[in-house]
Amino acid sequence: MPNPAAPLVDVIIPVHTPARPVDRAVASALAGGLPAGPGGVQVTVVCHNVDPALIRERLDPADRDRVELVAFRDDTRNPAGARNLGIERTRAPWLSFLDSDDTLDPGALARWLEIGRRRGSAAVLARVSREGGAVVRTPVTRPWRTRDLDAVADRLAYRTRVSGLFRTEAIRRLGLRFPVAYATGEDQSFSLRLHAEAGRIDYARGRPGYHLRDDATDRITDAASPLAEVLQAFTDLAASPWLRSRPLALRRGYAVKVLRLHVFDEVTARTRRGSWGAEDAAAARDAVRILLAEAPGAERALCRADRDLVDLLARGETDRAAVTRAAEARRRFGTPATLVPRELSRVLHRDGSLRFMAAAALMG
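Numbering of the sequence shown is given in full-length UniProt numbering, commencing with residue 1 and proceeding in unit increments.
Keep in mind the hints are simulated off the structure, nothing from the lab.
These figures come from a predicted structure and were not determined experimentally.
Every residue, glycine too, gets a C-beta built ideally from N, C-alpha and C.
Misleading hints may appear alongside valid ones.
[Said to hold, decoys possible] With beta-carbon atoms standing in for the labels, derived distance ranges:
1. Asp60 with Ser345: 56 to 64 Å
2. Ala322 with Ser345: 25 to 33 Å
3. Glu68 with Pro336: 16 to 24 Å
4. Arg272 with Glu131: 30 to 38 Å
Model the full structure from these sequences, guided by the hints.
Below, the structure written as structure tokens:
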């Protein structure tokens with residue numbers, strides 16, 4: 001039975017400095033369409049390596065008594081531990097995670113809760129948008145699919161951001177926590193396991209949703225780091241006992257996603273900066289080999305341009321000019337090399353460029 005003294009939804013907001021606009025994040029959670037307090041929303045601000053008094057001063061005076069400030073200390077700036085503390089402390093049957101510089105659209109919590117209750121969801125994935133209104137086109141579902149999503153058919157591996165509403169019971173049943181060992185990518189294992197094992201997953205298409213803000217100047221993921229460190233969370237998950245126990249289709253989908261969104265993008269960023277060297281080449285080679293060893297055949301879904309880059313990386317190519325040409329060629333979207341795989345029998349593969357790009361264009 002629900003505890004009438006407990007909130008329905010706990011919004012967990014980690015913050016590590018009063019320079020972040022945490023007051024804006026808190027105000028948006030309180031405007032999420034639920035009353036503050038028992039039977040409504042609780043906002044838990046986890047003050048990560050920062051004095052809670054400094055965060056309290058940052059909040060709007062009208063909101064200070066409606067927010068729980070919790071002190072948490074570790075030796076990182078990674079929000080994983082702060083989120084884990086929120087999971088462990090909450091009494092609410094539903095959780096939502098909000099970064100301290102992002103916001104929820106007005107009424108978002110009430111909308112997600114209505115969907116979750118009506119459909120019996122373990123998770124309601126939010127529509128995520130950026131400044132200016134551009135939609136982050138994940139998950140890349142089957143056309144117009146919003147109900148009872150499938151981890152493989154609806155490409156849920158692409159949705160790693162934990163934005164939306166999640167049943168606390170499902171998180172605890174699976175023992176889900178954010179790993180604290182990584183500088184970035186700590187949400188990968190949490191989200192993939194949730195999508196594959198928690199139960200029913202629904203997508204709240206359209207607004208209100210989750211809004212990414214771009215006015216933070218100190219994001220961890222913006223800092224330059226060794227490529228091996230950036231990719232470690234992804235390769236560790238690929239080789240984990242849990243993912244090895246999952247169907248090959250899920251492992252292949254995950255491998256393709258990591259290659260497209262993380263390995264290739266990192267390679268492109270580094271070659272454009274002129275920083276490609278032996279250390280980068282070795283890290284990329286190791287990542288590609290792990291991903292394809294754990295998901296054999298995944299590369300067959302890739303377009304020709306992607307395969308050309310994979311081939312270079314797999315052999316540890318250190319020639320920056322050659323890697324740059326291959327990385328830039330795969331970004332000439334719409335050309336035959338970016339649309340068609342080497343094996344024409346794979347041209348309409350679920351993870352192939354044609355179907356993937358068409359499905360992404362329909363997301364909103």
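Hint check:
A beta carbon spacing of about 59 Å between aspartate 60 and serine 345 agrees with the range 56 to 64 Å that was offered as a hint. Hint check: alanine 322 to serine 345, Cβ distance near 29 Å, so the stated range 25 to 33 Å holds. Checked against the given bound of 16 to 24 Å, the beta carbons of glutamate 68 and proline 336, roughly 56 Å apart, lie outside it. Look at arginine 272 against glutamate 131: about 23 Å separates their beta carbons, and that is not inside 30 to 38 Å.
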